[in-house]
Structure formats: structure tokens, C-alpha cells
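Enquirer: Let the sequences and hints guide you as you build the complete structure.
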Amino acid sequence: MWSHLSKEDLEESTKQLPATKRQEILSLIAEIQRWNQVKDEVDAGPSKTAYLPPVQIDPGDDQRASRASSHPYNVAFESDDASISVDGKKSRRDNAGTNFTGVLAALVDREDSNDLQKILDDWYRGLRQALLTANAAAHERLISGLNRSMQDLMKREQQESDRLHSDIDSLHTLCRSYSRAIHQRDQTIANLSQALASQKEQTVLAQNFSAMKTEATDRRREAIQERLATSFYQKKLAQKIWLGWRSAQREDWKQRTEKACQQRAEEVCHKMADQYDSRIAELEEIIRKLREDNNRLREERDRVNVKARGALLRGVSVLKDEAEQFPANRIPSEGGGSGPGSRKESKDAVSGSDASDRTVQSRSGQDSDDREEEAKPVRSRHSSQARSSGSQNSRKPSNSSNRPSSKNDSPRAS
Numbered sequence: 001m002w003s004h005l006s007k008e009d010l011e012e013s014t015k016q017l018p019a020t021k022r023q024e025i026l027s028l029i030a031e032i033q034r035w036n037q038v039k040d041e042v043d044a045g046p047s048k049t050a051y052l053p054p055v056q057i058d059p060g061d062d063q064r065a066s067r068a069s070s071h072p073y074n075v076a077f078e079s080d081d082a083s084i085s086v087d088g089k090k091s092r093r094d095n096a097g098t099n100f101t102g103v104l105a106a107l108v109d110r111e112d113s114n115d116l117q118k119i120l121d122d123w124y125r126g127l128r129q130a131l132l133t134a135n136a137a138a139h140e141r142l143i144s145g146l147n148r149s150m151q152d153l154m155k156r157e158q159q160e161s162d163r164l165h166s167d168i169d170s171l172h173t174l175c176r177s178y179s180r181a182i183h184q185r186d187q188t189i190a191n192l193s194q195a196l197a198s199q200k201e202q203t204v205l206a207q208n209f210s211a212m213k214t215e216a217t218d219r220r221r222e223a224i225q226e227r228l229a230t231s232f233y234q235k236k237l238a239q240k241i242w243l244g245w246r247s248a249q250r251e252d253w254k255q256r257t258e259k260a261c262q263q264r265a266e267e268v269c270h271k272m273a274d275q276y277d278s279r280i281a282e283l284e285e286i287i288r289k290l291r292e293d294n295n296r297l298r299e300e301r302d303r304v305n306v307k308a309r310g311a312l313l314r315g316v317s318v319l320k321d322e323a324e325q326f327p328a329n330r331i332p333s334e335g336g337g338s339g340p341g342s343r344k345e346s347k348d349a350v351s352g353s354d355a356s357d358r359t360v361q362s363r364s365g366q367d368s369d370d371r372e373e374e375a376k377p378v379r380s381r382h383s384s385q386a387r388s389s390g391s392q393n394s395r396k397p398s399n400s401s402n403r404p405s406s407k408n409d410s411p412r413a414s
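Residues in the sequence shown are numbered from 1 upward in steps of one, following the UniProt record's numbering.
Source of the hints: derived by calculation from the structure; they are not laboratory data.
Glycine included, each C-beta is placed from N, C-alpha and C at the ideal position.
Hints may be right or wrong, so weigh each one.
Unchecked claim - Derived DEER-like restraints, expressed as beta-carbon distance ranges:
#1 143 / 33: 28 to 34 Å
#2 302 / 275: 37 to 43 Å
#3 306 / 278: 40 to 46 Å
As the list claims (entries may be wrong) - Straight-line Cα separation of at most 27 Å, DSS-like style, residue types lysine-lysine; simulated pairs:
#4 271 / 254
#5 200 / 213
#6 271 / 259
#7 240 / 254
#8 307 / 320
Expert: Here it is, written out as C-alpha cells:
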């Protein structure tokens with residue numbers, strides 16, 4: 001019955017069913033078509049059995065073993081226990097499907113196609129009856145669902161109509177309240193118009209009164225401004241005269257002050273010039289004494305050097321005489337006589353005399369250096385005093401600084 005139908009026809013016939021039931025029915029029909037193909041292959045002959053799907057018999061199933069022990073064909077098939085996926089990628093079989101495959105394998109082995117045809121027909125009739133029952137139940141559920149949805153829709157429509165009626169009543173009430181408000185507004189506008197007219201008359205009167213008051217105020221303000229301007233002019237004129245008199249007095253006072261300051265500065269400059277002249281005379285006396293000491297020390301150094309040089313020359317001459325008088329036979333020499341040995345000793349004596357001369361000169365130079373170092377602090381102290389006096393002289397006015405310039409040059413040159 002279902003084997004000659006295509007997939008499109010099946011979908012068209014089950015379009016009105018729910019999606020879940022529709023999918024179940026399509027899967028069952030696909031399973032029926034597949035087993036019909038298996039049946040046709042079995043009826044065709046033993047050569048077609050190679051194309052059957054692989055089957056597995058579970059010998060451990062107690063229920064199937066008890067049924068197989070009673071009769072090889074006594075197998076109960078239930079259409080609701082077998083389910084195969086529509087796309088053919090994966091098949092799931094329960095206990096009834098496993099029994100069916102086991103019996104099918106046994107029948108194929110025995111080559112009893114008539115019994116297999118009978119079993120398949122019974123299974124097909126049971127499956128068709130189950131499909132019809134499921135279709136009728138789905139149709140009843142669909143009708144009941146449509147009735148419930150219709151009742152719900154009618155209830156919602158009744159609620160919507162009730163809500164609309166209540167909205168219309170509220171709008172009528174709102175219109176009546178608006179009409180009353182508009183009437184009250186018209187009355188208020190009329191009252192306000194009358195009040196505005198009376199207020200306008202009062203405003204015009206107030207404007208006239210304020211204009212008169214403003215004119216009187218302006219006249220009084222102009223009179224006050226004239227008096228203030230006259231007093232300000234007189235005050236500025238008196239201030240200008242007073243500033244002229246004050247500037248003249250200030251100029252006279254400034255001249256007198258400058259003269260007094262100049263006289264005081266000249267007195268201070270003369271006094272400082274006298275002080276610095278006496279100080280310069282003292283410093284020149286100190287410098288003169290230092291020069292005398294320096295000259296005396298130099299003369300003493302020269303005398304000491306002359307004495308040391310004379311003593312050195314006398315010592316050298318004595319050493320030479322001793323070297324000449326020294327017996328020649330005491331000096332061992334390979335050539336004999338007093339040639340090289342005596343000359344060597346004379347050279348040693350001359351070098352010794354030169355060394356003694358150098359030591360005397362170094363001692364005399366060291367003594368002179370010590371004297372100069374002792375005189376250096378005195379010179380530095382006097383030079384610092386001279387520099388300080390020169391800086392103070394440079395700060396004097398021009399008329400008093402010209403006089404001691406010739407005296408200040410002498411210590412610096414010295």
C-alpha cells in the first residue's frame with residue numbers, strides 16, 4: 001500500500017499533522033519500504049541474498065530462545081519497537097527488531113520464502129493498523145487543539161471588545177470634562193480681558209505721572225550738576241596754582257640741598273686725602289727700610305760667597321800640593337813610575353775640591369734664600385696694604401685723587 005508512494009506524496013498527505021507525529025509516520029513508512037525491498041529480494045532467489053543487510057543473532061537472549069524452541073516461525077512483531085533513521089546513516093533495533101533479523105536469517109538459510117512472505121505480510125498488516133490508529137489519534141488531537149485555539153481566540157476577542165467599550169466610555173467622559181473646561185476657559189478669558197482693560201487705563205495714568213516726575217527729577221539733577229561742575233573747576237584751578245607754587249619751592253630746596261651735599265662731600269674728600277697721605281708716607285718709610293735690609297743682606301751674601309770661594313781655592317791648592325808631594329812608589333802600577341797613578345789621584349783631588357766648592361756655594365745660596373723667604377711675608381703684607389690704599393684712593397672724588405697719584409706710583413714701581 002505504501003511502497004508505491006513517493007516521498008513528496010507522503011509529505012503532502014501528512015502536511016496537516018504536527019511535526020513530531022509527521023516525522024514518526026515518515027520514519028515508519030521508510031522502514032516499511034525498506035523491508036518490502038528485502039522481501040522482493042528474498043522472493044527473487046537465493047542469488048539476491050548477498051545484498052541483504054548484515055544481521056547479528058544474539059544467542060544469549062532468553063526470550064528469543066524460548067520462542068525459537070517452540071517453533072521456528074513463532075515470532076511476535078511489534079511495529080512500535082523498531083525505528084530506522086530516514087537518511088539511512090544509522091539504524092537502531094530493539095528486541096523485536098533483533099528477533100525479526102534472527103528469524104529472517106534462519107528462513108534465508110532454509111530457503112523458505114513462503115513462510116518469510118507470510119511473516120512479512122503479518123508484520124505489514126500490524127504496522128498499517130498501527131499507522132492508521134496513530135493517524136486517527138493525531139487527527140483527533142489536531143481537531144481538539146483547533147477547537148481549544150478557537151475558544152481561546154474567541155475569549156481574547158471578547159476581552160478586546162470589552163476593553164474597547166470601556167475605552168470608548170472613558171473617552172466620552174473625557175470629552176464631557178473637556179467641554180466643561182473649555183466653557184470655563186472662555187469665561188476666564190472674558191474676565192481677564194476686562195481686567196486687562198482696566199489695568200491698561202491705570203498703566204497709562206501711571207506712565208503720565210512717571211513722565212512728569214522724571215522731568216522734575218531731570219531739572220533738579222541738572223541744577224545739581226551745574227553746581228558740582230563749578231565747584232570742581234574752582235578746585236582744579238586752585239590745585240593747579242598750588243602745584244606751580246610747590247614746584248618752584250621744591251626747585252629752590254633742591255638747589256640748596258645739592259650745594260650742602262657738595263660741601264659735605266668735599267670736606268669728607270679732603271679729610272680722607274689727608275689720612276691717605278699720612279698712610280702713604282708710612283708705607284714709603286716701611287718700603288725704604290725693607291730695601292735697606294735687602295741691600296744689606298745681599299752685601300752680606302756676596303761677602304760670604306767671596307770668603308767661601310777663597311777658602312775653596314786655598315783648599316784646592318793645598319790638595320794639589322799634597323798630591324804632587326805624595327810618594328809615587330806607594331801607588332801600584334804595571335808600567336812602574338808615577339805616571340798614570342799620580343795623575344789619577346790629582347784628578348780625584350781636583351774633583352773633591354770642586355765638590356766642596358759646590359757644597360759651600362749651595363749652603364750660601366740656601367742662606368740667602370732663607371733670608372729672602374723671611375722678607376717675603378713683610379713684602380706681601382706691605383703690598384696688600386698698598387693695594388688697599390690704592391683702591392680707597394680710586395673711590396675718592398676727582399679733585400682729591402689727583403694729588404697722591406705720584407706718591408702711589410713709587411711703591412708699585414719699586
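Enquirer: Against the structure, test the hints numbered earlier, and report the numbers of the ones violated in rising order.
Expert: none
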